[in-house]
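J.: Chains as they are written, first to last, in my numbering: chain A, 1 to 365; chain B, 1 to 348.
Careful, some of the hints might be misleading.
Stated by the list, open to error - Below, computed lysine-lysine pairings styled on BS3-like, alpha-carbon distance capped at 25 Å:
1) LYS323/B - LYS200/A
2) LYS289/A - LYS54/A
3) LYS136/A - LYS58/B
Everything labelled a hint here was simulated from the structure, so no lab data went into it.
Each chain, written out:
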Amino acid sequence: MPRTQELHLNMGPQHPSTHGVYRCVLTLDGETVTSAENHIGYLHRGIEKIAESKTYPQFLPYTDRMDYLCPMVYNQGYVETIEIMMGVEVPVRAEYIRVIMAELSRITSHLVMVATMAIDLSSSTGWMYCLREREKILDLIEMVCGSRLTVSYMRIGGVSEDLPDEFIPGLRKFIGELPAYLDEVHELLTGNEIFQARTKGIGILPPDMAIAYGVTGPNLRASGVAYDVRRAQPYSVYDHFNFEIPVRFNGDSLDRYLLRFDEIEQSLRIIEQALDGLPEGEIKGKVPKLIKVQPGEVYHQVESSKGAVGFFVVSDGSNKPYRLHIRGPSFVNIGVFPELARGWKIQDIISILASIDPVLGEIDR
Amino acid sequence: MELLENLFTNIAGWTRTLLSGWSVSYSMIELVILFLGIIAILGLIVLDALILVWLERKVVGFMQERPGPNRLGPAGFFQTIADTLKLLGKEDVVPRAADRWVFRLAAPMVFIPAIMLYAVIPFGKNMVPINLEVGLFYCFSIASLGTMSFLMAGWGSNNKYSLLGGMRTVAQMISYEIPLLLSVLGVVMIVGSLNMSEIVAAQQKVWFVLIQPVAFLIYFVAATAELNRGPFDLPEGEQELVAGVYTEFSGMRWALFFLAEYTNMIATAAIAVTLFFGGWHGPWLPSWMWFFLKVYVLVFMFMLVKWTFPRIRVDHLMHFGWKFLIPLSLANLLLTGVGIQIYRVMGG
Numbered sequence: 001m002p003r004t005q006e007l008h009l010n011m012g013p014q015h016p017s018t019h020g021v022y023r024c025v026l027t028l029d030g031e032t033v034t035s036a037e038n039h040i041g042y043l044h045r046g047i048e049k050i051a052e053s054k055t056y057p058q059f060l061p062y063t064d065r066m067d068y069l070c071p072m073v074y075n076q077g078y079v080e081t082i083e084i085m086m087g088v089e090v091p092v093r094a095e096y097i098r099v100i101m102a103e104l105s106r107i108t109s110h111l112v113m114v115a116t117m118a119i120d121l122s123s124s125t126g127w128m129y130c131l132r133e134r135e136k137i138l139d140l141i142e143m144v145c146g147s148r149l150t151v152s153y154m155r156i157g158g159v160s161e162d163l164p165d166e167f168i169p170g171l172r173k174f175i176g177e178l179p180a181y182l183d184e185v186h187e188l189l190t191g192n193e194i195f196q197a198r199t200k201g202i203g204i205l206p207p208d209m210a211i212a213y214g215v216t217g218p219n220l221r222a223s224g225v226a227y228d229v230r231r232a233q234p235y236s237v238y239d240h241f242n243f244e245i246p247v248r249f250n251g252d253s254l255d256r257y258l259l260r261f262d263e264i265e266q267s268l269r270i271i272e273q274a275l276d277g278l279p280e281g282e283i284k285g286k287v288p289k290l291i292k293v294q295p296g297e298v299y300h301q302v303e304s305s306k307g308a309v310g311f312f313v314v315s316d317g318s319n320k321p322y323r324l325h326i327r328g329p330s331f332v333n334i335g336v337f338p339e340l341a342r343g344w345k346i347q348d349i350i351s352i353l354a355s356i357d358p359v360l361g362e363i364d365r
Numbered sequence: 001m002e003l004l005e006n007l008f009t010n011i012a013g014w015t016r017t018l019l020s021g022w023s024v025s026y027s028m029i030e031l032v033i034l035f036l037g038i039i040a041i042l043g044l045i046v047l048d049a050l051i052l053v054w055l056e057r058k059v060v061g062f063m064q065e066r067p068g069p070n071r072l073g074p075a076g077f078f079q080t081i082a083d084t085l086k087l088l089g090k091e092d093v094v095p096r097a098a099d100r101w102v103f104r105l106a107a108p109m110v111f112i113p114a115i116m117l118y119a120v121i122p123f124g125k126n127m128v129p130i131n132l133e134v135g136l137f138y139c140f141s142i143a144s145l146g147t148m149s150f151l152m153a154g155w156g157s158n159n160k161y162s163l164l165g166g167m168r169t170v171a172q173m174i175s176y177e178i179p180l181l182l183s184v185l186g187v188v189m190i191v192g193s194l195n196m197s198e199i200v201a202a203q204q205k206v207w208f209v210l211i212q213p214v215a216f217l218i219y220f221v222a223a224t225a226e227l228n229r230g231p232f233d234l235p236e237g238e239q240e241l242v243a244g245v246y247t248e249f250s251g252m253r254w255a256l257f258f259l260a261e262y263t264n265m266i267a268t269a270a271i272a273v274t275l276f277f278g279g280w281h282g283p284w285l286p287s288w289m290w291f292f293l294k295v296y297v298l299v300f301m302f303m304l305v306k307w308t309f310p311r312i313r314v315d316h317l318m319h320f321g322w323k324f325l326i327p328l329s330l331a332n333l334l335l336t337g338v339g340i341q342i343y344r345v346m347g348g
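Next comes chain A alone, as it looks inside the complex:
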């Protein structure tokens, strides 16, 4: 007696479109996904445990290696947490530089998201276009701190290097050119009939489910909730700048994709204002040679390209953290993926995963 059977498919950990070593066990009814199950941990390095055996400055490079697409924001989140615990005054110039670098990092990360979205829908030309633009930002970042991805640029109390002379003209030129290049991507991808069919109305994340799962960042804002740490709990000098929190309301793959473009626009606005208002002065505050933190605990959040990044540091008064916990947005966001994937075609869940934009380095830590 022939009968139909559900197919269990192991997607990953080695798969072209799982954005790293992520594994998802799919139950398939033909091409339709009836359930999906997250399996993570293939990239676990025990960063939180490592933190307990490193001095406070020594831990900084590890923050780059979590979300390697948006390392500046992780740098910023970590050093700000320690600064709050130590009560260090950070010079305004350093804060401005931090904001510029963090926003540049955010743009690179969003460009990569758009690029992966393109290639996950099999449009490798869109991928190349976005990476070409990202390359220019990476060159700028390299100009400042010598590295492209693992930047380790920020220091407790400031930043490691001042901006070189050729940086600001280079950045201004880039800001002027980027919108035209983004239009190119829109022409190639966003307006495309197939692209619209593949993303519009696919993988809808309702706002209440997003909040219930703790989703933050662009994924939350694409569902119509205007929550951004930069506005909700302003840190650094974000309250000096005039910018909007873009929101979209459908919560589908297309909105999550388009929201990234809106955010790039706002990031450009912030960078422009920061460049105009960039004060002269020191780039590093007065910090003791041996960094020791008085006993206590602090939780501090910043907004990365994926959502809210929180650093929870417990100190026992020594030069090493007693415990350091990190709230990673990708880790939380990926939790909602099985809910979104259910009921869609196997091709759709690739685009849904791309639209959530997880980074495995941060999920597994």
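Given chain A, put chain B in place with the hints provided.
T.: Just chain B, lined up with the frame of chain A:
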């Protein structure tokens, strides 16, 4: 010019005279000529594949603002040869759980129909390998055999990704073969023959693409799907199915699939040129040069489409095939029929 025009027919003529000089029987001579033809076509296929792989990578490089292959030979032209040598040196892996015979047969099976297509294509003036009365019918019946081998590859690999890819091939074939056939029927109605040479001869004055533009568009879309090329490369489905039906194939077996794709691409473009672009007709240049020029322009179009569009979803593809292309091609047939009748009444 005259020499170039008749180059290939002359070679055949010389061989005939030479052989009859050696008092070889007539049927033997025909056999030798046929054999030479097959060798020529195989050579053509290999040469074309070499050029096309290089060309495709160059075109993509151009579209994506990167150089493409540029190390080996002038503008990286010998890259394909190096790649082929590498593939030849690779181990031929047959998975332990595979259905051995089905798996092993799949790769040659996909290549054989691709070569067979070339038998009836008029490459130039008096240059049809076999002048078949039902040439067009033969083409499409052979072309659909390719699907069988994809299903064999998908099933035989005993891999879930391959299986999904194989199933997709069949679903795709069912939704695309019909509009493909219906689209060329318009041309057949006008010419009143399935013979490829006669179809070419009928286009001496005007190309059928001008009379049957809709049919050509349908043919182009359906042929892209038939070729499993982007945006319809669902059986491969790299992003979701790793490599689809190709997942378990390695070395030369994999290369055969690749070679078959390019062989099919040339054949499909050649059929399109024969049906819609006047075949080998053209001024100044030798007829076969015209033919290949047109074929390469069409192949270039296939490449542009592949590297511009994202992949379509499998159910959208079937909707598109059944609910849009089939009604459209039926309407085109109706219009063609009415047009022919009006032409007869007016002209006759």
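J.: Against this structure, judge whether each hint is valid.
T.: Each hint, compared with the structure:
For the suggested pair LYS323/B and LYS200/A, the alpha carbons sit about 20 Å apart, so the restraint of at most 25 Å is met. A hinted pair counts as satisfied when its Cα atoms are at most 25 Å apart, and LYS289/A with LYS54/A qualifies at roughly 16 Å. Between LYS136/A and LYS58/B, the direct Cα distance comes to roughly 24 Å. Compliance with the 25 Å bound is thereby established for this hinted pair.
Hint compliance for this structure: no hint is broken.
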